[in-house]
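The residues making up each chain are set out below.
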Amino acid sequence: GAGVSQSPSNKVTEKGKDVELRCDPISGHTALYWYRQRLGQGLEFLIYFQGNSAPDKSGLPSDRFSAERTGESVSTLTIQRTQQEDSAVYLCASSLDTSGANVLTFGAGSRLTVL
Amino acid sequence: AQRVTQPEKLLSVFKGAPVELKCNYSYSGSPELFWYVQYSRQRLQLLLRHISRESIKGFTADLNKGETSFHLKKPFAQEEDSAMYYCALHSRRGFKTIFGAGTRLFVKA
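Chain order of the listed sequences is Z and S.
My numbering puts the first residue of the first sequence at 1, with every later residue one more than the last.
My numbering puts the first residue of the second sequence at 1, with every later residue one more than the last.
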């Protein structure tokens, strides 16, 4: 597609439920990032993919969070047993990831509300 | 450890006044630095990057390695500059991009 697509755009769930957030990056972009943006705060790095591999998972807040990427394309961020503190906008971005061209293109985000 | 610090959460200036959004970084090596902007109801997007040495929408940013700073400047602010601005650092070693907490710029008429 022409840009980075994220779905759902909005998700309201009950505490304890699992949620899946999807990201479709720009075709050909080898790098894919997930960030979390809590209300009134900056972007918190979660995980980065190079191709289908995740060399850096250091930002995942707990073992309830996991992510995968397949076909060097679509990525899914899964949050198990959601908690209220998981409420945030989850942003996905992709890039060509070559030196000097590490410009990120962002999706519109998935707003998660945990009741 | 890599870190990006934006000390101001909110910056309010009058239209036509100069504006400077501060960004300091912590990184061992040669960083790649960027400014991203998010206008109301729009996606986060690139404003400029230090390697391009460009001026976008009248904004410039100079990398000062001695002071480890990458402040964003514009001589005459416009109302349409009101937005959230994020400074970002890309690590060539870890190949990840980290962001500062952001500064909300409000330009008053």
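Heads up, some of the hints might be wrong.
Take a look, some chain Z residues computed to stay more than 10 Å from chain S by CB distance [said to hold, decoys possible]: (1) Q50; (2) L60; (3) G71; (4) T78; (5) A88.
If the Cβ cut is set under 8 Å, some of the chain S residues that face chain Z in the computed set are [claimed, not checked]: (6) L44; (7) Q45; (8) L63; (9) K65; (10) F76; (11) E80; (12) A83; (13) H90; (14) R93; (15) T97; (16) G100; (17) A101.
Label-pair restraints from in silico Cβ distances [stated by the list, open to error]: (18) Z:G16 / S:G66: 29 to 37 Å; (19) Z:P8 / S:R53: 22 to 30 Å; (20) S:P7 / Z:Q84: 35 to 43 Å; (21) S:K65 / Z:V12: 14 to 22 Å; (22) S:T5 / Z:Q84: 22 to 30 Å; (23) Z:L96 / S:N64: 26 to 34 Å.
No lab work stands behind these hints: they were computed from the structure.
All residues carry an ideal CB built from backbone N, CA and C; glycine is no exception.
For each hint, the structure was consulted:
no.: 1; hint: Q50; verdict: violated (6 Å)
no.: 2; hint: L60; verdict: holds (13 Å)
no.: 3; hint: G71; verdict: holds (20 Å)
no.: 4; hint: T78; verdict: holds (20 Å)
no.: 5; hint: A88; verdict: holds (14 Å)
no.: 6; hint: L44; verdict: holds (4 Å)
no.: 7; hint: Q45; verdict: holds (7 Å)
no.: 8; hint: L63; verdict: violated (14 Å)
no.: 9; hint: K65; verdict: violated (17 Å)
no.: 10; hint: F76; verdict: violated (27 Å)
no.: 11; hint: E80; verdict: violated (20 Å)
no.: 12; hint: A83; verdict: violated (14 Å)
no.: 13; hint: H90; verdict: holds (4 Å)
no.: 14; hint: R93; verdict: violated (10 Å)
no.: 15; hint: T97; verdict: holds (6 Å)
no.: 16; hint: G100; verdict: holds (6 Å)
no.: 17; hint: A101; verdict: holds (4 Å)
no.: 18; hint: Z:G16 / S:G66: 29 to 37 Å; verdict: violated (52 Å)
no.: 19; hint: Z:P8 / S:R53: 22 to 30 Å; verdict: violated (40 Å)
no.: 20; hint: S:P7 / Z:Q84: 35 to 43 Å; verdict: violated (30 Å)
no.: 21; hint: S:K65 / Z:V12: 14 to 22 Å; verdict: violated (46 Å)
no.: 22; hint: S:T5 / Z:Q84: 22 to 30 Å; verdict: holds (28 Å)
no.: 23; hint: Z:L96 / S:N64: 26 to 34 Å; verdict: holds (28 Å)
When the structure is compared with the earlier hints, violations turn up for hints 1, 8, 9, 10, 11, 12, 14, 18, 19, 20 and 21 and for no others.
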